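2 protein chains.
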Amino acid sequence: MKKLINDPLLVTDELVEGLVLAHRKKLRKLDDMNVVVRTDVDFSRKTGVVIGGGSGHEPLFLGFVGRGMGDSIAHGDIFTSPSVDVVYEAIKAADGGNGVVLIYGNYMGDILNFDMAQELARAEGMRVETVRVWDDIASAPPEKKDERRGTSADVFVIKIAGAASELGMSFDNVLRAAEKARDQSRSLGVSLSSCTLPAVGKPIFELEKDMMMIGMGVHGEPGIEKTKLLSADETADVIFSRLLDDDLALQAGDEIALLVNGYGATTMMELYIVNRRLHQLFEERGIGIYGNLVGNYCTSQEMAGCSVTMMKLDDELKMLYDQPAESPGLTLF
Amino acid sequence: MKKLINDPLLVTDELVEGLVLAHRKKLRKLDDMNVVVRTDVDFSRKTGVVIGGGSGHEPLFLGFVGRGMGDSIAHGDIFTSPSVDVVYEAIKAADGGNGVVLIYGNYMGDILNFDMAQELARAEGMRVETVRVWDDIASAPPEKKDERRGTSADVFVIKIAGAASELGMSFDNVLRAAEKARDQSRSLGVSLSSCTLPAVGKPIFELEKDMMMIGMGVHGEPGIEKTKLLSADETADVIFSRLLDDDLALQAGDEIALLVNGYGATTMMELYIVNRRLHQLFEERGIGIYGNLVGNYCTSQEMAGCSVTMMKLDDELKMLYDQPAESPGLTLF
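Here the protein sequences line up with chains A and B, keeping their order.
Take UniProt numbering: the final residue in the first sequence is number 333, and no numbers are missing along the way.
Take UniProt numbering: the final residue in the second sequence is number 333, and no numbers are missing along the way.
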């Protein structure tokens, strides 16, 4: 393994320190705990948006705390849920009396710990509701949404919830907007290579030199089809066709936000080439691309590959998407 | 080679198309030419800032066009200077009658083509001056600055020049600010793996499994020392010590902008861990970190490694650094 780290067991602590140092005018870290909280906001004036999950997907989740994004983040070890006390402290830090919306990916470990922390916070009198993100269409059929994994749609759900909260929308409306962003989002990815966990030191799976995997999860969960390496356009075609075949029922005249997300080792060059083809495909169907993000937002260490997320927009989601966001991992005017 | 591309010879054209599609509200591409120009500005009200160079380093240079950054970009093929006519058209596109400052990295191919284009533009009556960026301390001794390669300091020089131009500062002052940003910047990088050019299809060099190279250039130019793989802290120590030994003569009380730049396949996690150690080192010397960027800004395809750039600040550079910037590759409030 060739990684610039120190002690593999200290990776998470040290990376959080390094991030907070880079943004210390606007973020702080709780003592002895990997919880990062905004310092540029008065929590008594907004609904708290608390996000979290395992590390190893940077900038997700850690980098998505800031104005118009998350208010605090509970940061776990690599590919591991944050513990109950970490989530609880993240909730407490972002609760200014108006309640907290919890946003995280739909994984068993996260569900257990976030649910328990939610119960603890409720027992203290805090209002806490949860939005689990389940966007990966490769991981379960449409009728079993709540069995789907949460992947790059986290970015959109956090963006929309953060915008709603920043605008001063009520708790119920922040929660509703976040759920709508989740319900209107679908993702699918392809992997060209494995990733290496610092504490393990070798690739977590092997993929032959001329093969790629469609639908693999961001922790190396099994995909739905192994195929020979496709070109950028062919890859976009496959992803597009599967996304459109899911149950979002996009039609001519609809508008979407489109995210072309890199898994870590994929160059911006490749992502832009995939993006180019997706524009052609959506245009052919008369579907408008209202917002478009291209970059590394939800990574899997140094995995090569990309995922595509589309979120169907209505007037409210467009308005919320257009709000400014300012965070280490995503900044939009 | 596992890359999401189509025809290797069309990579540059297709990636530019994909980028402009993602930002079509604010950027346009010239017909039949890889020049991208801002559409959200009246060039008659500002000095033009024209940037450019080979592709393969995304987001540099292509992603640094926008408010408070470059006004137009001349985009070459991978690791190859844009041709004279491309640079000339980029100059023409950004010249609203107030002249144009050209910013690019100090490489022979770029110098030849940008100089020729500058002559052509001058012959047409345009005012054009050049700032070549030469920040890589591994590539020549301090007394031969103009033999040094231009690397990640491009980011700071473009940021400062773009801010000065956006504020309406005069041509002479934009030029002076850009030169000052260049003169006050020093960089050094380490590489852990090679990169693969799409048209070549195999790594451009080999590096043993347990070795790293200090001072390798972003096109695989020879480094100054091959060493066993160091930890993140040791790597930061080596880079810091060499940067401080160069001729910038930083002293306690000085303030810098610090960029920890990834070469492509290095995770944000690793960059943050390096950043953490650099903060400790600068603090020990009493040198303040006024601004801090951590991320992939000047890459070398999927090379693993990072570079560190420090720019010594005075009041004017601080003011310019604090101006907003909005571009695909760098956005700051």
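Do not take every clue at face value.
One-sided and incomplete, this derived list gives chain A residues near chain B with beta-carbon spacing under 8 angstroms [as the list claims (entries may be wrong)]:
#1 L19
#2 L21
#3 T235
#4 V274
#5 N275
#6 T331
Read the hints as simulated data drawn from the structure, not as lab findings.
All of these numbers come straight from a predicted model, not from anything done at the bench.
Glycine is no exception: its CB is placed at the ideal position from the N, C-alpha and C atoms.
### Message
Interface hint check: N275(A), Cβ to nearest Cβ on chain B, cutoff 8 angstroms. Holds or violated?
### Response
4 angstroms, holds
### Query
Hint check: is the beta carbon of L19(A) less than 8 angstroms from a beta carbon of chain B?
5 angstroms, holds
### Message
Take the shortest C-beta to C-beta distance between T331(A) and chain B; is it under 8 angstroms?
### Response
OK, holds: T331(A) within 8 angstroms of chain B, min 4 angstroms.
### Query
Minimum Cβ distance from V274(A) to chain B below 8 angstroms?
Holds. Min distance 6 angstroms.
### Query
Going by Cβ atoms only, is T235(A) closer than 8 angstroms to chain B?
Holds: closest Cβ of chain B sits about 6 angstroms from T235(A), inside 8 angstroms.
### Query
Can we keep the L21(A) interface hint, with Cβ of chain B closer than 8 angstroms?
With a closest approach of 5 angstroms, the L21(A) hint holds.
When each numbered hint is compared with the structure, no violation occurs for any of them.
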